[in-house]
Amino acid sequence: MIIGVTGSGGKLGRATVAALRERGHDVVGFDLAGPAGPGFVRVDFTDYGQTLDAFLGVTARHEGLDALVHLAALPVNGLVPDAATFDNNLSVSFHVLFAAHRVGIRTIVAASSITAMGFPFDVAPPALPVDESYTQANNTYGLGKVVEEAMAGQLVTWHPDASITALRFTNVVDETEYATFDRAGDPDYRRDLIGTWIDARDGAEVVALALEAARPGFEVYNVAAPESGLSIPSRALAERWFPGTPVAADLGEFESLVSTRKLRERLGFVARHDWR
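All residue numbers for the sequence shown refer to numbering that gives the first Met the number 0, where the first residue is 0 and numbers rise by one.
Treat the hints with care, since some could be wrong.
The following label-pair restraints were derived from C-beta to C-beta distances [stated by the list, open to error]:
no., residue 1, residue 2, range
1, G23, G63, 14 to 20 angstroms
2, V57, D187, 43 to 49 angstroms
3, G251, G48, 47 to 53 angstroms
4, L55, E211, 21 to 27 angstroms
5, P159, A83, 34 to 40 angstroms
Bear in mind the hints are in silico, worked out from the structure with no lab data behind them. Model, not experiment: these values are computed from the prediction. Even glycine gets a Cβ: it sits at the ideal position worked out from N, Cα and C.
Please model the complete structure; the sequences and the hints are all you need to start from.
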């Protein structure tokens, strides 16, 4: 397949481009910055005209895309004022999804976020581990992700063959950042992430699996490592952080408090990287 990847210059974007190319796909990266030459096009996704034109075809790069991975966004709160974060990310995602619809790209995998399901978890979730049925925005960035998911769920109904998969990524860690796990015994470490993390290479594997498993309709998956980023048992963390919140009877000793069961059962995801 010829697959476009927006946000190809980011941490997850770079890993995704590499993973898809390893599988034999032709990949075209789209971002504001990247390596000049075949396989990359500089695009400002806040400009709908550029977005539409980039997906229709780019001389010496591609003549049409079979699928699209949408990762482009301001990645966190605080880089710009809150309203600007919301405006930018909603505009970019609308331009990407709507242009894909107009062009006829029917298979899309898009990055959502743990911020769409309660981050920073100052309020206890209804149950642990938190599964995909729980949606809650507690900041501007998260509100944008909730709206993006709702928008995708509507746009996907506009064509019977359309497939959009939203991946709720937790904190993405690359191989240069494993030193942070020196704090794994500290119960305050990754508290706002309720202990979760995902290696960028494993995150890219999830993207590839989601593309392969795409079916018409809208689907949401949590994306986290199956085991937490702490050396403290997960049940003890749940009791410390969320006293009185129901915890699954079969919770594994170090199982992620963001549920990855759907991800493993439906997509067959097996993590290949572990900080331990």
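Which earlier hints turn out false for this structure, listed by number in ascending order?
The structure breaks none of the hints.
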